[in-house]
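Asker: Each chain, letter by letter, is given below.
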Amino acid sequence: MRQLHQFPGGIHPEEHKAESSARPIHAPFIPNKLVIPLRQHIGHSAKPIVKVGDKVLKGQMIGQADGYVSAAVHASSSGVVTEIGFHPVAHPSGLSDLCITIETNGQDQWTDLQPVDWQNMDPAAVRGYVRDLGIAGLGGAVFPSSIKLDPKSQPVHTLILNGGECEPWITCDDRLMRERALEVLQGARIMQHLLNAQTVVAGIEDNKSEAIAAMQAAADQLGFAVEIVAIPAIYPGGGGKQITQTLTGLETPSGKLSTDVGVQVFNVGTAYSLARALMHGVPLISRIVTVTGHVLGAQNYETLIGTPMGELVTHAGDREGTSGLIMGGPMMGFDVKPEAPAVKATNCVLAKSAELFPPRPRELPCIRCTQCAIACPASLQPQDLYWFARAKNFGKAQEYNLFDCIECGCCSYVCPSHIPLVDYYRFAKSEIWAREKEKQAADIARERHEFRLFRQEREKKEKAERLAAKAQTKKAEAPTLGSDEQDAKKKMIEEALARAQAKKAAVAPKNTDNLTPEQQAEIAEIESRRAKIREMAKKTIEPEKHL
Amino acid sequence: MLTAILVMAGIAILLGAVLGYAALRYKVEGDPLVEKIDAILPQTQCGQCGFPGCKPYATAIAKGEVDINKCPPGGEEGVKKLAELLGVEIKPLDAEPKPKSVAYIDENTCIGCTLCIQACPVDAILGAAKQMHTIIASECTGCELCVAPCPVDCISMVPLREDLPHWKWKYPVFKLKQAA
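As given, the protein sequences belong to chains A and B, one line each in that order. Going left to right, the first sequence walks through residues 2 to 548 as my numbering numbers them. Going left to right, the second sequence walks through residues -4 to 175 as my numbering numbers them.
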C-alpha cells in the first residue's frame, strides 16, 4: 500500500459530477462544418498544408508541426476545405486565430492508418510519430507530448497517470476510465517504455470508485504492473505538482517542473490518445467532452475536434435561460462564444444560468483575513500578491513567487470579499511576460543599431583605405614605366623644346630693318650690355647654389 | 609630536598609494551609469528626444544635461524607472506616447530609391537601388525615421493589432451597472 501525502491548502467545492457521470459516452456526431484551429497546443502554431478546395479524408494531416514545441493537426472528418482564415477560438480573449474550415460530406471516410511499431523503434522516431499524430496533453495545458516523452535532461523514475479530475462538473476522465481503461493502460505502457520509468502509478480521486475498479480490472487483465491508487478528493488534487506530492511525497521546487524531481505526469486521456495513435495509427481527432450545466441531458460526448461548442450544447438539449458557455470547469475555465470550436484542450463545456452561476458579488476591500493563504496549494501569500499586482508592483510580485501560482482559483473561491484574485495574478503575469518580450525586442534593436553604426564606420574606413590604396598605386605606377619608353618621352620633350627655341630665335624682330648705323650701334651696345648682365646673373646665382 | 605627524603622513602616503594602484588596476572602461540608463531606454532609436539614438540620450542623461522625460516610446513606465535609478523626481512625459506601430511600405508606389534604407536605424528595411523595398516587420521599432525621407510618400505607420500571442490579461475592473 502506497503511503499518501497531503499537499498544503485546497478546498472542497460542490462536486456536481453526478449530473453527467451516470450516462455512457455518446458516440461522435458529425457537424456540417468543422473549424479546426492551427494553434491548439502550447508553442508554435501548426503550418497549414492544405489549400481551399482540397478534399480531405478523416485523419488526414492538415497542419504540420512547426518547430520543436509544436504538434500536427488533422481533419476530424472527411470533406472539403472551404476556408483557411481567422475564426473566433476558445481563448479567454475571445480573439480570432487561424483555422481551417472543413465542410463535411457525412461519409466520414478514413485515410490510410498505419500502426507504429513502437516497441522495436528508436524512441526518437516514436516521438516523431507522436508529434505528427498531434498528441498533446489533454489535461488542460495541451503541452506537446513528444517533448514530455523525451527523458533526455532528467531521468524519470515514476510515471504518474493523472485521473484526478478534481474540477467540479467535469467527468470526462471518469467515463473514459470506466469504459476504456484497457487502452488507457496500454498508453501508459508505451509512455513507460519511452520514458524508461521504473514505476507507474495511477492516481484517481476516491469519488470515482467505478473508475478505480475498472482500471484495476484492466491492469489485472493486461498483467501490467501499475499501482491504482485512490487519492482524497481535494481540489486541486489533480494538478500536476499536487498529485506528484500526494503520491510520492516529492515537492516540486519553486520555478521547477515535476520532471525535476524525476516524476512525469500524464492525463489519462493523453494515455488513451497515445495508445490509439501508436497502436492503430489514429491521430488525435476527437476527445471526450463533458457537456453539462444548464442543459437538458448532461452527458459525455466523444467530440470531433472542430465541432462548435454551441452545437454540443444544442445536442445535449438547450434550455431556456442559458446565459453563456464556459470551456473547462467553473474554477479554471473561461467564457467562450458558442461558435468557438472544441479543441484538444476542451474537457468540458458548461452552460451557465443565473441560478447555477449567480453573478459574482461586488468586490470589497481586502480585510487581510488570510483565508486565501490557508487555501493556496502552492503555499504562496495570495493577499500580498494581490496587493502587489493591484499596485502594478510587478518586481515585488515576482519576488513573492507569483510564477508558482497555478491559477487554480482556490483563493478567489474562499475570499470573503469576493476579490477576483486570480484575475489580478493573470494580469500581473501577462504584464511581466509582455515586458520581458519588450526587453528582448529592445536588446535586439540595440544590437542591430550598434551593428549598423559599426558597419557605417567600417564602410567609411574601407572607403578611405580604398582611396589611399588607389593613390598609392598611381604613385607607384609612374617609375615602373619602362626606362626606354621614358627616355623616348624625355627626348621627345627636349626636341620639342629645342624646336620651339629655334623657332623663337629664327623669328627676327620686325623693327630692325632699315636702321641707321647709329641705331644699329646703339642696339649692339644694348645687346652687349644685356649679355654682360646675363653673364653676371649666372655668376651671382652660382655661388648661391653652393651655400 | 613629530612622531605623530610622521605616522599620520606615513599612513596617508600608504593609503594614497593603495588607492592610486586600485584606480589603475580596477579602472572602469566607459560609464556604467550610461549602460544602466541605456538598458532602460526602449531602443527605438527614433530621435524624439533630440539625440541621434538611445545611447547618446543615455549619455546626456548621465551627464545631467537633459531631463528624463524626453522619451515618449519609453512611456511613463520608462520615466519611473529612470527616476528610480537616478534618484530624481518623476516628471510627466513631455509628449504623448503613440500606440506601438510598425512601418509599412506600399510596394506599388515604391520606386526603389534606398533613402528609407539609409534612414532606418536598425536595418529593418530590405531592398536595393531600383528594386522594391519592404519592411522586416519583426525588426521594426516603429521609430518613423523612414517616413520623412520617402520621396513618394509610400511609407505609412500601421498600429500593431492585438493577436493571440500578444494578448494580455486586462486589469480587473468591476463593471458599474447603469442605474435604471
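Calculated from the structure, these hints are not laboratory results. Incorrect hints may have been included.
[Stated by the list, open to error] DSS-like, lysine-lysine: derived pairs with alpha carbons at most 30 Å apart: (1) B/K76 / B/K165; (2) A/K397 / B/K125; (3) A/K430 / B/K22; (4) B/K75 / A/K397; (5) B/K125 / A/K438.
Asker: When the hints from earlier in the document are held up against this structure, which numbers fail?
Answerer: Numbers 2, 3, 5 - these are the hints that the structure violates, sorted from lowest upward.
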